[in-house]
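Top line first, the protein sequences correspond to chains A and B.
Numbering-wise, the first sequence is residues 1 to 337 according to this note's numbering.
Numbering-wise, the second sequence is residues 1 to 103 according to this note's numbering.
These are computed hints drawn from the structure, not numbers from a lab.
Possibly wrong hints are sitting among the right ones.
Covered stretches of chain B, as calculated for chain A (at least 3 residues, CB under 8 Å) [stated by the list, open to error]:
# : stretch
1 : 45 to 59
2 : 74 to 81
So, partial list: chain B residues that the calculated Cβ filter (under 8 Å) puts toward chain A [to be verified]:
# : residue
3 : 34
4 : 42
5 : 62
6 : 63
7 : 67
8 : 69
9 : 90
Calculated lysine-lysine pairs in the DSSO-like style (CA-CA distance at most 30 Å, straight line) [claimed, not checked]:
#  : chain 1 : residue 1 : chain 2 : residue 2
10 : A       : 94        : A       : 155
11 : A       : 189       : A       : 94
12 : A       : 68        : A       : 31
13 : A       : 233       : A       : 189
14 : B       : 60        : A       : 189
15 : A       : 320       : A       : 49
16 : A       : 118       : B       : 39
17 : A       : 302       : A       : 189
18 : B       : 60        : A       : 233
19 : A       : 31        : A       : 320
20 : A       : 118       : A       : 31
21 : A       : 118       : A       : 155
22 : B       : 60        : A       : 49
23 : A       : 68        : A       : 155
24 : A       : 164       : B       : 39
25 : A       : 189       : A       : 155
26 : A       : 94        : A       : 31
27 : A       : 31        : A       : 49
28 : A       : 31        : A       : 302
29 : B       : 60        : A       : 320
30 : A       : 320       : A       : 310
31 : A       : 155       : B       : 39
32 : A       : 31        : A       : 310
33 : A       : 68        : B       : 39
As the structure is a computational prediction, the values presented were derived from the model and not from experiment.
Built from N, CA and C at the ideal position, the CB exists for glycine as well.
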Amino acid sequence: MTKKFTAITMGAALLSCSVAHADTILGAYVKSDGWSLTEIDSWNTAANKPMAITNLFTNFDYNWGNLKYQSDNIASRGAVPMITWMPVVSSRPKANLLTEIVNGQWDTYINGWINGFKWWRSGVPAGRPARIMLRFGHEFNGIWYPWGNDPQNFKAAWRYIYNKFEVAGINPYIDWVWCANNSDVDNVKDITQYYPGDMYVDWTSLDGYNFGSNYSWSTWKSFDQTFSAPYNKLVINYPTKPIIIAEVGVAEPSDLPNPTYGQDGNDMDRAQSKEAWVADMFSRIESSYPAIRAVTWFNINKELSWALHKSNNTGLQAYKTTTQSTYFLNIYQNTAK
Amino acid sequence: MNKTKYFALMLVITSSPLLVNQNAFALDLPDKQIAAMSKAEYMAYKETKGEEQRALAMSKLPEVVGEDILEQEADGMYMLPQQALDNWGNGRMFPDRSLVKGN
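Extracted from the complex, chain A is given alone in its bound form (with noise of 0.2 Å):
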């Protein structure tokens, strides 16, 4: 026991040496949420450098028959699934499960999710990652999703799902991502009302965009007002936790408003430059942000065209041109456990 109790130590020691220092783990969200091998190749290929981290949506109606095939996806090129876990169902779009799930009517389901989640893990290859991030409720700050707006309930079904997780054993191979919107759109303007607990959470996490000038209400804004405040909260209040921005994008500059999301701007931002704004980001992560040890791209034209690498975007080559240095890792470490 004492042998086995030493190379343990010793281990756990190792590893602990092999993150003291500061770096980033990069990944992205690429279309189709692992459902595409040529997607998350895509990317891999003109990123030059593949990802340690692929996250993915998905919620309330789907288990590990769907998610054992994109997480399969993911590690088959050597990622951890962030499995963006969202509290809904599509046959009541706008209803929020939290006091359902607290409740215990969501049992079978999150049962079902447990032994689906030990069945895939049980079946990757050995040398593959077989963990995943699970973001569960993320940007619970905001206004738009049903389970956002409403801290306690939140907190309660957030630390009623992770206790049947213990129970269940599984905890030490799930990194459990806490995840704010970078703004409080909602009536509690305190992340800190939404915090399950220390022992509760493996990372926290960021969301934010750069709308440019394409609402009524925003401008062209740079990672640091983008980013920095939100993260000296996080910091200040959760200092043992490593930070992930699990969503960041950038409008191109020549994207006109979109009435159907509500944009309301102007092309006032035309003669910015999207190079620019990631090269800044990836040289401010790291000289003065070593809190951050993980950053996903959103990288998906939807709202606005927030990707790096399909047609008509721009910030692809400050990309790969500043995530060459070794500060920048396409592995993932149990940065957190």
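Go by the hints and put chain B onto chain A.
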């Protein structure tokens, strides 16, 4: 596609350093070590990692800029028409099911 062609294709795909993140294959090691730990050892290990992160995070903080911009954006987003919010939110909440295997 016959079997020989399939395996040749897979060999090409999985050999390409640009497509497959070979470095990440080292991940099994920490998982195995974590699995071998007792609960107490595991909690102590997590605490050590947390303290390292604290030292790193508190080593420097960026100057805060743009708070006024974020407040203005938050006010603007809060006032968006419900339909615009739904169009934004639904696009994330309900992934394209046509891609689901079997559909």
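Taking the hints in turn, this is what the structure says about them:
1. Check on the stretch 45 to 59 of chain B: 13 of its residues sit with their Cβ under 8 Å from a Cβ of chain A, so the three-residue criterion for coverage holds.
2. With 7 residues carrying a beta carbon less than 8 Å from a beta carbon of chain A, the stretch 74 to 81 of chain B meets the three-residue requirement, and the given coverage holds.
3. Because the smallest distance between the Cβ of residue 34(B) and any Cβ of chain A comes to about 5 Å, under 8 Å, the interface hint for this residue holds.
4. Below 8 Å, beta-carbon pairs count as interface contacts, and residue 42(B) has one with chain A at about 7 Å; its hint therefore holds.
5. With 8 Å as the threshold, the beta carbon of residue 62(B) comes within range of chain A, its nearest partner Cβ sitting at about 4 Å, so the hint holds.
6. The interface hint given for residue 63(B) holds, since its Cβ lies 7 Å from the closest Cβ of chain A, which is under the 8 Å cut-off.
7. Hint status for residue 67(B) relative to chain A: holds, with the closest Cβ pair at about 5 Å, below 8 Å.
8. Here the hint on residue 69(B) is kept, as its CB sits about 5 Å from the closest CB of chain A, short of 8 Å.
9. A cut of 8 Å between beta carbons decides the hint on residue 90(B): the least distance to chain A is about 7 Å, and the hint holds.
10. Annotation: proposed proximity of residue 94(A) to residue 155(A) holds, straight-line Cα distance about 20 Å (limit 30 Å).
11. At roughly 22 Å between alpha-carbon atoms, residue 189(A) and residue 94(A) fall within 30 Å of each other, so this suggested pair holds.
12. For the hint linking residue 68(A) to residue 31(A), the alpha-carbon distance of about 17 Å falls within 30 Å, and the restraint holds.
13. Under the criterion of a C-alpha separation no larger than 30 Å, the hint pairing residue 233(A) with residue 189(A) is consistent with the structure, at around 12 Å.
14. A hinted pair counts as satisfied when its Cα atoms are at most 30 Å apart, and residue 60(B) with residue 189(A) qualifies at roughly 25 Å.
15. Our distance criterion of 30 Å between C-alpha atoms is met by residue 320(A) and residue 49(A), whose separation comes to about 8 Å.
16. Between residue 118(A) and residue 39(B) the CA atoms are separated by roughly 19 Å; this keeps the pair inside 30 Å, and the hint holds.
17. For the proposed pair residue 302(A) and residue 189(A), the alpha carbon gap of about 27 Å is at most 30 Å, so the pair holds.
18. For the proposed pair residue 60(B) and residue 233(A), the alpha carbon gap of about 13 Å is at most 30 Å, so the pair holds.
19. Under the criterion of a C-alpha separation no larger than 30 Å, the hint pairing residue 31(A) with residue 320(A) is consistent with the structure, at around 19 Å.
20. With a C-alpha separation of about 26 Å, the suggested pair residue 118(A) and residue 31(A) falls inside the 30 Å cut-off, and the hint holds.
21. Between residue 118(A) and residue 155(A), the direct Cα distance comes to roughly 25 Å. Compliance with the 30 Å bound is thereby established for this hinted pair.
22. Distance check on the hinted pair: residue 60(B) and residue 49(A) sit about 28 Å apart at the alpha-carbon level, within 30 Å; holds.
23. Straight-line distance between C-alpha atoms of residue 68(A) and residue 155(A) comes to about 28 Å, which keeps the hinted pair within the 30 Å bound.
24. Annotation: proposed proximity of residue 164(A) to residue 39(B) holds, straight-line Cα distance about 16 Å (limit 30 Å).
25. Under the criterion of a C-alpha separation no larger than 30 Å, the hint pairing residue 189(A) with residue 155(A) is consistent with the structure, at around 16 Å.
26. At most 30 Å may separate the alpha-carbon atoms for a hinted pair to count; residue 94(A) and residue 31(A) meet this at roughly 25 Å.
27. At most 30 Å may separate the alpha-carbon atoms for a hinted pair to count; residue 31(A) and residue 49(A) meet this at roughly 18 Å.
28. Restraint check for residue 31(A) and residue 302(A): satisfied, since their Cα atoms lie roughly 10 Å apart, inside the 30 Å limit.
29. The straight-line distance between the Cα atoms of residue 60(B) and residue 320(A) is roughly 26 Å, inside the 30 Å bound, and the hint therefore holds.
30. Between residue 320(A) and residue 310(A) the alpha-carbon distance is near 14 Å, which keeps this suggested pair within the 30 Å criterion.
31. Pair hint residue 155(A) plus residue 39(B) holds up; C-alpha atoms about 24 Å apart against a cutoff of 30 Å.
32. Among the hinted pairs, residue 31(A) with residue 310(A) is consistent with the structure: their alpha-carbon atoms are about 11 Å apart, no more than 30 Å.
33. For the proposed pair residue 68(A) and residue 39(B), the alpha carbon gap of about 28 Å is at most 30 Å, so the pair holds.
In summary, this structure violates none of the numbered hints.
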